[in-house]
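Peer 1: The chain contents come next:
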Amino acid sequence: MHKSGLPHDGHSAGEIDPSDEVTCQQLVELVTDYVEGALQPRTMNHVEEHLVVCDFCVTYVEQMRATIATLKGLEKHGSPEPPASALAALQARRAAGA
Amino acid sequence: MIAYKFLRAGRIGPFSAFQWPEPGERVYAERDLAACKRGVHACRPSDLPWWLADELWEVELDGPVQVDEHKIIAPSGRLRSQIEGWTPACAQEYAHACAWRAHERAVQALTRAGHQHGAQQLAACATLHDVQAVARRLAQEIPETPISVRIAGDGALCALTGAPAASAYIAAHAAKRLDGTAGYAAERAWQSHWLVERLGLRVGH
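If you read the sequences in order, they're chains A and B.
The first sequence begins at 1 in our numbering and counts up one residue at a time.
The second sequence begins at 1 in our numbering and counts up one residue at a time.
Since the hints were made in silico from the structure, they are not lab data.
Note that the Cβ used here is the ideal one computed from N, Cα and C, for glycine as well.
There's no promise every hint is true.
As the list claims (entries may be wrong) - Only pairs whose alpha carbons sit at most 20 Å apart, straight line, appear in this in silico DMTMM-like list of lysine to aspartate or glutamate: (1) K72(A) with D33(A); (2) K37(B) with E36(A); (3) K72(A) with E48(A); (4) K37(B) with E81(A); (5) K37(B) with D68(B); (6) K37(B) with E62(A); (7) K72(A) with E62(A); (8) K37(B) with E48(A); (9) K37(B) with E84(B).
Stated by the list, open to error - Chain B regions said to be covered by chain A (calculated; three or more residues, Cβ under 8 Å): (10) 32-38; (11) 64-77.
Unchecked claim - Covered stretches of chain A, as calculated for chain B (at least 3 residues, CB under 8 Å): (12) 22-36; (13) 91-97.
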């Protein structure tokens with residue numbers, strides 16, 4: 001089942017409530033800070049509690065981690081140079097005033 | 001201090017992906033403790049319902065222990081022994097127990113809302129498959145069906161599909177719908193008590 005069917009209750013930030021839990025939508029907004037370890041402990045706690053019950057968000061976080069790892073790999077290898085034929089075509093268009 | 005820790009199969013930390021060494025070998029935090037980031041994170045018995053995973057271990061924590069929301073953190077610790085009673089079958093049993101608790105809440109919600117006939121139909125369910133089917137039907141037949149009924153259906157489905165953490169979560173929220181934050185806390189306490197009793201865990205060490 002998709003956990004959006006679960007009875008998530010969206011509480012406002014700072015509300016003191018032992019049942020304060022993040023929703024799937026909130027996790028999407030927090031995911032970048034979560035994978036970078038930049039969340040405040042209390043928010044991190046709630047994100048991790050949500051991940052215990054929500055397989056869909058676990059998958060989402062894993063996909064985000066994989067994407068970040070792939071992009072870091074690209075940075076390491078530098079941006080690929082465009083092929084000479086493409087450069088020549090661009091220069092020809094520029095020379096023609098296109 | 002003796003505490004507990006849920007790990008993925010193979011002694012893997014669910015969030016850190018850290019592989020714990022063999023029981024008895026001590027693990028140290030690299031530097032100062034930070035909740036959710038650094039330190040040996042563990043559970044008091046009352047914290048267990050929030051962190052269910054494949055394996056449950058008894059751990060021994062050393063050094064000053066920080067108390068955080070639903071967890072404790074220490075500068076070092078070691079696994080002592082795996083709680084053998086926490087098996088897939090036990091997890092399933094726990095999930096079913098939680099689903100039946102959510103079912104009871106839904107019956108109460110229907111009764112309070114004046115839907116006596118619906119309450120009787122739901123109360124008469126003998127299996128979680130019945131709960132799922134009746135909850136679905138009542139939600140269609142009674143437009144103003146309390147959300148607790150849908151919650152009970154979700155809880156039954158989670159229990160039947162082997163999702164104990166979600167089943168417990170649902171039961172806690174079913175209680176919250178009925179009795180507010182105090183109901184939520186009481187339901188989580190009931191879940192902790194179930195685990196402590198069923199698994200013979202230590203309390204207050």
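Peer 1: It remains to establish, for every hint, whether it holds in the given structure.
Peer 2: Going through the hints against the structure:
no., hint, in the structure
1, K72(A) with D33(A), "holds, 16 Å"
2, K37(B) with E36(A), "holds, 11 Å"
3, K72(A) with E48(A), "violated, 25 Å"
4, K37(B) with E81(A), "violated, 40 Å"
5, K37(B) with D68(B), "holds, 12 Å"
6, K37(B) with E62(A), "holds, 18 Å"
7, K72(A) with E62(A), "holds, 15 Å"
8, K37(B) with E48(A), "holds, 11 Å"
9, K37(B) with E84(B), "violated, 28 Å"
10, 32-38, "holds (count 4)"
11, 64-77, "holds (count 4)"
12, 22-36, "violated (count 0)"
13, 91-97, "violated (count 0)"
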